[in-house]
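Participant: Based on the sequences and whatever the hints tell you, model everything.
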Amino acid sequence: MAGANHLVRFENVGMRYGDEPEVLRDITFHLGPGSYHFLTGPSGAGKTSLLRLMYLAHQPSRGSVSIFNHDVASTPRDELPDLRRRIGVVFQNFRLLDHLSALDNVALPLRIAGARRDTIQEHVAELLTWVGLGEYLDAQPRTLSDGEKQRVAIARAVISRPRLLLADEPTGSVDGEQGSRILHLFEELNKIGTTVVLATHDRTIIERYKHPVLHIEQGTLSVRRNVAKGGK
Amino acid sequence: MAGANHLVRFENVGMRYGDEPEVLRDITFHLGPGSYHFLTGPSGAGKTSLLRLMYLAHQPSRGSVSIFNHDVASTPRDELPDLRRRIGVVFQNFRLLDHLSALDNVALPLRIAGARRDTIQEHVAELLTWVGLGEYLDAQPRTLSDGEKQRVAIARAVISRPRLLLADEPTGSVDGEQGSRILHLFEELNKIGTTVVLATHDRTIIERYKHPVLHIEQGTLSVRRNVAKGGK
Amino acid sequence: MFARCVDLAPGWDGASRFLPWIIALMVYLSGLALSATMVLEQIIDRWRAGLQGSITVVVDPFVGSADAQTDARVEAALSVILATPGVLSATPMAKADVAGLVEPWLGKDLLSMDLPIPRLIDVALNRNGDADLAGLAERLGTAVPGSRIEDHKVWLQKVLRLARTSELIAILIVVLIALAAAATVVFATRTGLAVQRDVIEVLHLIGARDAYIARQFQGKAVFPALWGGTIGLLLAGITVAVLWLLARDLEGSLLPTVRLHPPFLAGLAALPLAGAAIASITARVTVMRFLARML
Amino acid sequence: MFARCVDLAPGWDGASRFLPWIIALMVYLSGLALSATMVLEQIIDRWRAGLQGSITVVVDPFVGSADAQTDARVEAALSVILATPGVLSATPMAKADVAGLVEPWLGKDLLSMDLPIPRLIDVALNRNGDADLAGLAERLGTAVPGSRIEDHKVWLQKVLRLARTSELIAILIVVLIALAAAATVVFATRTGLAVQRDVIEVLHLIGARDAYIARQFQGKAVFPALWGGTIGLLLAGITVAVLWLLARDLEGSLLPTVRLHPPFLAGLAALPLAGAAIASITARVTVMRFLARML
Ligand SMILES: Nc1ncnc2c1ncn2[C@@H]1O[C@H](COP(=O)(O)OP(=O)(O)OP(=O)(O)O)[C@@H](O)[C@H]1O
Ligand SMILES: Nc1ncnc2c1ncn2[C@@H]1O[C@H](COP(=O)(O)OP(=O)(O)OP(=O)(O)O)[C@@H](O)[C@H]1O
Ligand SMILES: [Mg+2]
Ligand SMILES: [Mg+2]
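Chains as they are written, first to last, in the numbering used here: chain Y, 755 to 986; chain X, 755 to 986; chain B, 87 to 381; chain E, 87 to 381.
It is worth saying that the hints were derived from the structure and are not from the lab.
This structure is a prediction, so every number in the text was calculated from the model and none was measured.
Just so you know, not all the hints are guaranteed correct.
Which residues of chain X face chain Y? A few of them, derived with a C-beta cut under 8 Å, are [said to hold, decoys possible]:
| hint | residue |
| --- | --- |
| 1 | P796 |
| 2 | S797 |
| 3 | G798 |
| 4 | T802 |
| 5 | Q846 |
| 6 | L854 |
| 7 | T897 |
| 8 | S899 |
| 9 | D900 |
| 10 | S927 |
| 11 | D929 |
| 12 | E931 |
| 13 | Q932 |
All residues carry an ideal CB built from backbone N, CA and C; glycine is no exception.
Facilitator: Here it is as structure tokens:
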């Protein structure tokens, strides 16, 4: 309702799976363009569920969700793919397509958007090399270690330079050094204008980067300024 | 070859997937009963692969692996299930059976070992409640959050009081508090005689508990004493 | 390593590798049934030709009876014959003509003796060959003792009826198999897709349009259906050829030389196409329906 | 919440929900083909009875020819007849007997005039009814002009041969369908299991023995195969019943009252059992083979 130009705006949103009780209740917040938020909360609190609402995988049971100033409920169905193409998602369980190579998995968003083949080729190989998978371009996901899968998933999420990047526990399976590289990548993307929401349990990450925190507990959300509390 | 009574003994072990180059080379180490080791190494180094050798999911391409003083290569195939029943495994990707409820998943090892139904019932419900899933006894795995799935997987690994507990990144998806509870559980099990190997990327865990570290890098393994280096 | 063209839908391997085989089997059975129908149709046609035209009813004279008496019996037979459905007309043959027919057997001398020779009635039947000859024979037997229909046509008709029934059954079976085949292709396609829901969902979430996703899966469904169907058709062709040679060896005269009519050939060729079309439509409907349930 | 009994293998839902339907279809088609074979068998039996015993060959005297000449022609016919496979014996009827047969037609007066009456030869055939009557008729025609076989038996035999060929074809089709059905059940079962490899592997890693795991999946395969098979059998029964009523309506006299022989019924009842057995064995072999590849 209020001021325009919010990338994400939730108003009194509730969400449930099937007939079960609401997982999220009365969620109200908005994210400006170029912002960077952490999303925290105990296991099972609803972080993934909140992200599902943001990447348009689920409909709220009440309230209104707007993404890129489009109210999701009133946007015609055939305009939603355009919104989705501007969102990059790192799924918590990766969700790679098992029948495609690492390279083809990462190329997917470009291909769906109809990019030219030679640009695809170049960009994808470069990005995969950057995340340390230069030797695994043709590997099937099932032959990759979990950390390697996660990096492929991250590459797929960022390849199309999304305006909104949603990452669900993106460093859960990678080692410290790789984790730092990935977080650095997110920082750089954020600097050039990408809005980032990063769900994580890892306190060291939250303490290192001083971004505001969306905290979910008991189904409700609170926004906290992340003031340094003893981080390295 | 040397002294008896090792729970796990690797001698010059190599391992490969299919025809690919060796993932692990010349691995030699042994774990005594009641020991507790961390397993570290960069993503893709071969931690999961090493654990696969230990839980008898994969054959070494060379060298010898013994578990519970049984040389795996020379043990008749129909004696291997007995060895496996004494090993509890927390898989990195959980590997819950989707068609069974959380409770039935956890009960699986007891049921396979032929335990009595009423003991099963009692123990399983108690353990799940302890890991914070008392309300999700009948939930299908696909309706659980990742952290919840991971806790079900942990419960399944420890329910039958294994002599050897192999945990691959067991706290990767749970929040800090749940993680502490789980690590505490592992400590307790270790105190009553369970040998534990815990693969993790999380430096805070390694620094908090002063257990020796098996470190894999470039396919080879080194054992390090874990002297306090500034942990909390 | 990037040269190959990338389809986004997984191939029909693993769980769904058997879609083409199911389709092959269905096309095979349909092809057999269709061929059987065609052969039956042609046999019936040929046999029917044998029944067209006319039959002859014989009225035997009683020994020592007068001509007039026999004439009366011929009249009685005529009324029975004309009352039979499928009979166009019935003409008693002139005594002289009958004599001409009997002559080779009895000789002129005998005939000239004014013997009581049998009377013949020429009965014209309608073109369908569906006149109730068996019923006629029965009624003649009671109404005019000593009369009879020339024998083998009655038989031929019975056989023809049986063949017609068989043809009906064969057509019904073709229809049943076709329905079953369609149902199986639908089932197999949906089964194949069930495993790939996650792929569909990920493509959807990445921003692919419904029609685009459906097209990927449709393309993947058409090809195996087509080659499965073609294999089934080939096998059916081989089987029919073998059976046909076998049948011809055993019995030449009753089976007509079967011609491959163009419409029949077209029908056969359409079987794999039909399989492919069903698979494609099913894939589209299944994917679209699955997508429609998502936001 | 713990009361229900837990099977470790997933039910046949989702991807494999269609196993029972495939089995139903196969049992259905097998049932139809088997029934067709049985009906043909019984029809053939009945027709064969009509061919057993004897036929009559007629040798017409030529006009004005001497008795001796006719006798010679009868001898010639006899030698042709006896050379025919399937003929047991051939006995010329005594002239007096023939006269007796002809009497009602020609009358005593005429017969006493020493007319040239036709000679009849009684030919005994073997029990199979497979004597080559058509060939005999042809050879008689050339060797002894003016002789002929009583007509409708030749026809009957031709029809019988065709029916036999049909039966052979039907049996072949039964065999083909049975093979296809077995292959399909194998395919469907393996397809169902393909999706469940992870379940098998987890059970294996947790310490379940191979036989134990295989048993779980076998149990799960048997039940849907059994009910699928039963449904298929019921549908086949209904179809056959309907077709039979239809056929009986159209044509009463040629079709024998078909009896349901116990061996046939047993064969039909065995179809679902066979499906279940194939599914069970396939499940076992597939699981065991998959497990054997693991340590
Ligand atoms: N099934 C497989 N087939 C072929 N290669 C494999 C397979 N599984 C793993 N690999 C390869 O073996 C190497 C080691 O993998 P492994 O899963 O053991 O690593 P890891 O140390 O557990 O890594 P992470 O921390 O990311 O889980 C990786 O380079 C991976 O690509
Ligand atoms: N598909 C589903 N159907 C029903 N309930 C679900 C489903 N997915 C999640 N839930 C429930 O919703 C709640 C929130 O789940 P969600 O995955 O959002 O948690 P999360 O905060 O992401 O947890 P984690 O940190 O463990 O990933 C959980 O209690 C879970 O059991
Ligand atoms: Mg989550
Ligand atoms: Mg690993």
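Participant: Hint validation: X/L854 versus chain Y, beta carbon distance must be below 8 Å. Holds or violated?
Facilitator: violated, 19 Å
Participant: Checking hints one by one. Is X/G798 an interface residue toward chain Y, by the C-beta closer than 8 Å rule?
Facilitator: With a closest approach of 5 Å, the X/G798 hint holds.
Participant: Please verify that hint: X/D929, Cβ, nearest Cβ of chain Y, below 8 Å or not.
Facilitator: This interface hint holds because 5 Å falls under the 8 Å limit.
Participant: Tell me if X/S797 is really an interface residue toward chain Y, meaning its C-beta lies closer than 8 Å to one of theirs.
Facilitator: holds, 3 Å
Participant: Measuring from the C-beta of X/T897 to each C-beta in chain Y, is the shortest one below 8 Å?
Facilitator: holds, 7 Å
Participant: With a cut-off of 8 Å, does the beta carbon of X/D900 approach a beta carbon of chain Y closely enough for the hint to hold?
Facilitator: holds, 5 Å
Participant: X/E931 was flagged as interface toward chain Y. Is the shortest Cβ-Cβ separation under 8 Å?
Facilitator: Given a least distance of 7 Å, the restraint on X/E931 holds.
Participant: For the hint on X/T802, just tell me whether its beta-carbon gets within less than 8 Å of chain Y.
Facilitator: Where the cut-off is 8 Å and the nearest Cβ of chain Y is about 6 Å from X/T802, the hint holds.
Participant: Would you settle whether the hint for X/P796 is holds or violated, based on the nearest Cβ-Cβ distance to chain Y being less than 8 Å?
Facilitator: With a minimum Cβ separation of about 5 Å from chain Y (threshold 8 Å), the hint on X/P796 holds.
Participant: Can the hint on X/S927 be confirmed by a CB-to-CB distance to chain Y that is less than 8 Å?
Facilitator: holds, 6 Å
Participant: Can X/Q932 be said to touch chain Y, with a Cβ gap under 8 Å?
Facilitator: holds, 6 Å
Participant: Using Cβ atoms only, decide whether X/Q846 comes closer than 8 Å to chain Y, and label the hint accordingly.
Facilitator: Holds, about 5 Å.
This entry does not satisfy hint 6, going by the numbered hints stated previously; all others are met.
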